[in-house]
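Here my numbering is used: the first residue of the sequence shown is 31, the next is one more, and so on.
Think of the hints as simulated: they come from the structure by calculation, not from any bench.
Hints should not be assumed to be uniformly reliable.
To be verified - Calculated lysine-lysine pairs in the DSBU-like style (CA-CA distance at most 30 Å, straight line):
no.: 1; residue 1: Lys544; residue 2: Lys462
no.: 2; residue 1: Lys462; residue 2: Lys495
no.: 3; residue 1: Lys311; residue 2: Lys173
no.: 4; residue 1: Lys495; residue 2: Lys255
no.: 5; residue 1: Lys405; residue 2: Lys495
no.: 6; residue 1: Lys135; residue 2: Lys311
no.: 7; residue 1: Lys173; residue 2: Lys544
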Amino acid sequence: MSVVPSRPAAFDTFYDVVVVGFGFAGGAAALAAHDAGARVLLIEKMPDPGGISICAGGGVRTVTDRAQGRAYLRETAGPDVPDDVIDMMTDGMAGLEAYFRELAKINNATIQLRDRGGNYPFPGHDALGIVEVAAIPGFDARKEYPHARGRLLGPNVFKLLHDNIRARGIDIWLETAAERLITDAAGAVLGLRVNQRDEQRHIGARRGVILATGGFEAAPEMQRKYWQIRPVMPAATRANTGDGIRMAQAVGADLWHMWHFHGSYGFRHVDASYPYALRVKRLPDWTPQVSAPEVAMSWIVLNRRGQRFMNEYQPYVQDTGHRPLDQFDPVTQRFPHIPAFLVVDEEGRQRYPLGQAVLNDRATEPYVWSDDNLKEVENGILQRAESVEALATLIGAEPDALRETLARWNRQCEQGRDDDFARPASSMLPVKTPPFYVGQLWPLVNNTQGGPAHDAHLRVINPFKEPIPRLYTAGELGSIWGYLYLGAGNLAECFITGQVAGTHAAGLSPWETK
Numbered sequence: 031m032s033v034v035p036s037r038p039a040a041f042d043t044f045y046d047v048v049v050v051g052f053g054f055a056g057g058a059a060a061l062a063a064h065d066a067g068a069r070v071l072l073i074e075k076m077p078d079p080g081g082i083s084i085c086a087g088g089g090v091r092t093v094t095d096r097a098q099g100r101a102y103l104r105e106t107a108g109p110d111v112p113d114d115v116i117d118m119m120t121d122g123m124a125g126l127e128a129y130f131r132e133l134a135k136i137n138n139a140t141i142q143l144r145d146r147g148g149n150y151p152f153p154g155h156d157a158l159g160i161v162e163v164a165a166i167p168g169f170d171a172r173k174e175y176p177h178a179r180g181r182l183l184g185p186n187v188f189k190l191l192h193d194n195i196r197a198r199g200i201d202i203w204l205e206t207a208a209e210r211l212i213t214d215a216a217g218a219v220l221g222l223r224v225n226q227r228d229e230q231r232h233i234g235a236r237r238g239v240i241l242a243t244g245g246f247e248a249a250p251e252m253q254r255k256y257w258q259i260r261p262v263m264p265a266a267t268r269a270n271t272g273d274g275i276r277m278a279q280a281v282g283a284d285l286w287h288m289w290h291f292h293g294s295y296g297f298r299h300v301d302a303s304y305p306y307a308l309r310v311k312r313l314p315d316w317t318p319q320v321s322a323p324e325v326a327m328s329w330i331v332l333n334r335r336g337q338r339f340m341n342e343y344q345p346y347v348q349d350t351g352h353r354p355l356d357q358f359d360p361v362t363q364r365f366p367h368i369p370a371f372l373v374v375d376e377e378g379r380q381r382y383p384l385g386q387a388v389l390n391d392r393a394t395e396p397y398v399w400s401d402d403n404l405k406e407v408e409n410g411i412l413q414r415a416e417s418v419e420a421l422a423t424l425i426g427a428e429p430d431a432l433r434e435t436l437a438r439w440n441r442q443c444e445q446g447r448d449d450d451f452a453r454p455a456s457s458m459l460p461v462k463t464p465p466f467y468v469g470q471l472w473p474l475v476n477n478t479q480g481g482p483a484h485d486a487h488l489r490v491i492n493p494f495k496e497p498i499p500r501l502y503t504a505g506e507l508g509s510i511w512g513y514l515y516l517g518a519g520n521l522a523e524c525f526i527t528g529q530v531a532g533t534h535a536a537g538l539s540p541w542e543t544k
């Protein structure tokens, strides 16, 4: 018996293209399908739009030289992504500046292009740039999107997208959760079943359905199926629970990159009911062999033995910071580095805030980290130790072992060389001035990269690489980043794949013409 809902006796309504999820990818797909002549419905399960996209930094990755940019994408996407998909992404990235300048005509947004190389020294790393929506006249993000506590320019990008959707009169249904795809006997997608404020409805999609539902940041059961590391806390949204992955699987989709997620290490709130991790401070990225960190990192990270076990300042800490924590000891049946411990001294405590919160959730008051980290000492996120012995007690380590760790680190800071984990010299600061401060660190996920595999038209494919008729994906749902993430690459992917999926779906012949 098929697990896919059969065609209902009657659909409640029909559209040409139905887009599921109103973040950057869903919005871009809706615009493209509408501009290609389709009647479009854009649905979002949360009461507010924006998804995880609105929480982003807002830089959108471009290529300034197509051939060199493609070479970089080929390396960082990994070997499982077909060449024609890499070509599609490269072409799309080359056209993003013009795309944003066209969108900006709606509200006179200021668009700027910045040079910014890749995170790793692959060929073509210097043929990359960043498009930003620098300013929008009269726009106040806190007033228009009070549910989203983003950072930098993410709300600007969403405002630009949102204004274009409003101008076109595209139908938007909020608080509408997609539950199941509806197919015919041959497996072609005809529409979907949704739950709209506890009322079940069936929507026909004459040309196609585009899944832009994001990943599975807030789906611990799905994470346990594909990741060894645990627990991993979401950093920005409770909405991304793997809905699109399950719906696509139910109609035969293949999956890729389910192991890969964009994440780091961060703090837990002392209130156990607080649903999000608090990220460590966002320090500037750097590129090995090309550049060095511009800001010194005030902390080191230790395990329960009081030992360093990682380069705390990797080229893109917010992407790969979690990876050194992903070790399991079969003898002790524990993850020896979870939790880990962030340690600073008094001078490091005064340098800058150690954490931050970024989220899109009207039901959760965002945590505001103090400038001097003292509020966190008072509420227990950080603990204070007057001596190395007291610090060892807080960590659970032997005092002599911890004392040797600190002494070795401080010697290496004086020498300007980390002989243990090759942390860049420009990032190194000693930890020697009491009192000391320590906070437990846990893996966190900013966003996932796994999901339905797709072709260059963003058609979802089955395990035999055959397209599932009339089903598309866009954005982080089935992202191309299968090896190392490219900073600002997910945002570029949202707009590129949204355009491609929307245009292709709108160009199909309708299966229903009444």
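Structure versus earlier hints - violations, ascending order: 1, 2, 5, 6, 7
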